[in-house]
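Undergrad: Chain residues, written in single-letter form:
Number of protein chains: 2
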Amino acid sequence: MATSSKRRFARRMTSVHKSFIREILKVTEKPDVISFAGGLPNPGMFATEAFAKAAERVLSRDGAITLQYSTTEGFAPLRRWIADRYRTHKGVEVDPDLILITTGSQQCLDLAAKALVDAGDTVILERPGYLGSIQAFSLFEPRFVQVEMDDEGVLLGPLKKALSGDRVRVFNAVTNFQNPSGLTYSLERRKRAAELVNDSEAVLLEDDPYGELRFEGDTLPPMASFCRDKAILLGSFSKIAAPGFRLGWMVAPPDIYEKAVIAKQAADLHTSTLTQRALFEYLTTNDLDAHVARIKRGYKRQRDCMLEAIQQYFPERVDYTRPEGGMFIWVRLPDGLSALDLLEKAVDYKVAFVPGAPFYADGGGQSTLRLNFSNSSEEQIQEGVKRLGACLEHCVKKAC
Amino acid sequence: MATSSKRRFARRMTSVHKSFIREILKVTEKPDVISFAGGLPNPGMFATEAFAKAAERVLSRDGAITLQYSTTEGFAPLRRWIADRYRTHKGVEVDPDLILITTGSQQCLDLAAKALVDAGDTVILERPGYLGSIQAFSLFEPRFVQVEMDDEGVLLGPLKKALSGDRVRVFNAVTNFQNPSGLTYSLERRKRAAELVNDSEAVLLEDDPYGELRFEGDTLPPMASFCRDKAILLGSFSKIAAPGFRLGWMVAPPDIYEKAVIAKQAADLHTSTLTQRALFEYLTTNDLDAHVARIKRGYKRQRDCMLEAIQQYFPERVDYTRPEGGMFIWVRLPDGLSALDLLEKAVDYKVAFVPGAPFYADGGGQSTLRLNFSNSSEEQIQEGVKRLGACLEHCVKKAC
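Sequence lines, in order, name chains A and B.
Residue numbers for the first sequence follow our numbering, so the first one is 1 and each next one is one higher.
Residue numbers for the second sequence follow our numbering, so the first one is 1 and each next one is one higher.
Excised from the complex, chain A in its bound form (with noise of 0.2 Å):
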């Protein structure tokens, strides 16, 4: 169109993209390909039948309260509701009154971004780091720095060097089997990167989506609680309970929360009143635990499925983790093979990935890539692998 051409958008528009994932997904959507490249919880494992009556009674017992219009910081049970669970199930004291309930976790990325970030602050990500943080942190045109991980966190040299740079505004992390790479924090990294923060100007942006689907080894309490009033903690009931929803929260000192309510009331005024009192109901009148006990049971089979498979299916040349939780194995190619081509021959292959250079803000990340195990079955996971495998193999040989 002849006038489109030529509108100016804001500045923050030309360094962002539309989620290379979401336009893989297009790609790979084809019923043939066996698909590792989502990030969605396994459906079967929904618990469709007491969300429907939890639905159907709450619109009918509270409808005209659950139809209207609600307040900014969420339903009040709901957020005592997450406080006494972060008291049973992580030992942590969190006060309901500085939780919000937000539109997925994700919306919570949005306003500490638009609280804490101006053009030109620093940023900290983990390297990989969580595409959805790339992505939101970018509206607001920030300096990426990024910090590289190993099997009981983030670097700790490399992450004083970053904290002690110029302007540095938030230290994003994830920290229980992080999106991409699986990874997960020692107790003894949480306690000493903690400290850093706690000697530094930047705030702790702790996410923890996947926290609660450790398969072994013991629940550690958040980096958050080491940090005191330096820290916001993120949750999200998209793993435990059903994404669709779009219900999340954020756990944040006196000072930011309320600069964050002003621009969730900005954003979106509050969180759908329905999906809140729903999902609340849900909670109230079913056993989560034996929920969340049954999804564990189920993905740590798919993941074993998945590292048996990779062991048996790769050349013996690629790297990859060995979660302990989560979703996600991230595996690493020999050098100077790129996983975008490997991708497009994945594709005659009948099998599909995420490459890792969409995780890295600096570029780099050309050698990696993510394979999702909770959103196939055993079959599928067998079967995929195998041809990934076939199709590695062909690779390395020829260096694709």
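Simulated from the structure, these hints should not be mistaken for laboratory data.
C-beta atoms are modelled at their ideal positions from N, C-alpha and C, and glycine is treated no differently.
Each statement offered as a hint is correct.
Using C-beta positions, here's what the derived DEER-type ranges look like:
#: 1; chain 1: A; residue 1: THR285; chain 2: B; residue 2: VAL347; range: 36 to 44 Å
#: 2; chain 1: A; residue 1: PRO31; chain 2: B; residue 2: SER15; range: 50 to 58 Å
#: 3; chain 1: A; residue 1: ASN286; chain 2: B; residue 2: GLY44; range: 28 to 36 Å
Please build the complex by placing chain B on the supplied structure of chain A, with the hints as guidance.
TA: Below, chain B alone, put in the same frame as chain A:
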């Protein structure tokens, strides 16, 4: 807290404050106060049983899809439903592929601001303007210019002057039964204002949450229909179905649409799958036209009741609008009388309203106030206006 006071927030947070109206609502929530302060639809009109059935049905029938992540653009059948309704009810052709489902139409304001407004850019609003717009745009640090209105809409001379200013990006208009003034643009004013937009660098951002709630006169085409690819048109299910769903939409030219989708991905990934599918189920198994007709009959009675009571009880020197639809009447007090002072006194008289000052981004409006008629019974309206009239008489005599 010691460290909190030293915290550095983003510059954009310095100019915004908590919603003044929401703070007022907290004060006026005492049960013996008759409040015309809120902007709530009448919950007695909500189709609670039909929604209970619709939610139960989609979850029982399509639970796995209804609880899963879904596309950023929104549920395709719902987008087609919206396009159909534009055709049948407004005579406007809209491409469903250019409809973006949002978490309430409030989110559209955030997305449009993100896509179009850099710090220092000019945003034109009506005077008085919608508070949600002022809040959403404020976070992107624009220069606001507000343009006065008369009974036919925004004044063309001042609009032309404003549009010819420097770095004018957006003209945000609420063309039907505006919040807060209750004013509606005439057909002629829509066309003439649209011409001015077409000759400018600005994008029209037309908000229309109340358009279907017309009690008298003819339905008019949106101003956007005279702007071709220079307009974004917003809509909402909050006033015709239920605000608790948080469901609105944006119709935008292709290039703006693409940016809005990117911004929405970063903001909350997508709007709740459950609310979209439950609403669509309701829309396709119930008679929305009959439901809207019922709302209009009720609100018209409430408006008539309030206008009659105002005529009976208010002092002669008080001026007010006679809206053809919507939910609000706008009151102009004799010069020198402060609506904020009046509110303080009104609490003694057990009646509440919203002072007009927050609707003026440039200051001013001290002698104006907004009355909501949709959320009070006729008895409450008569008694509340009587109380407010007595309070006004008192203040006019004593100059409060």
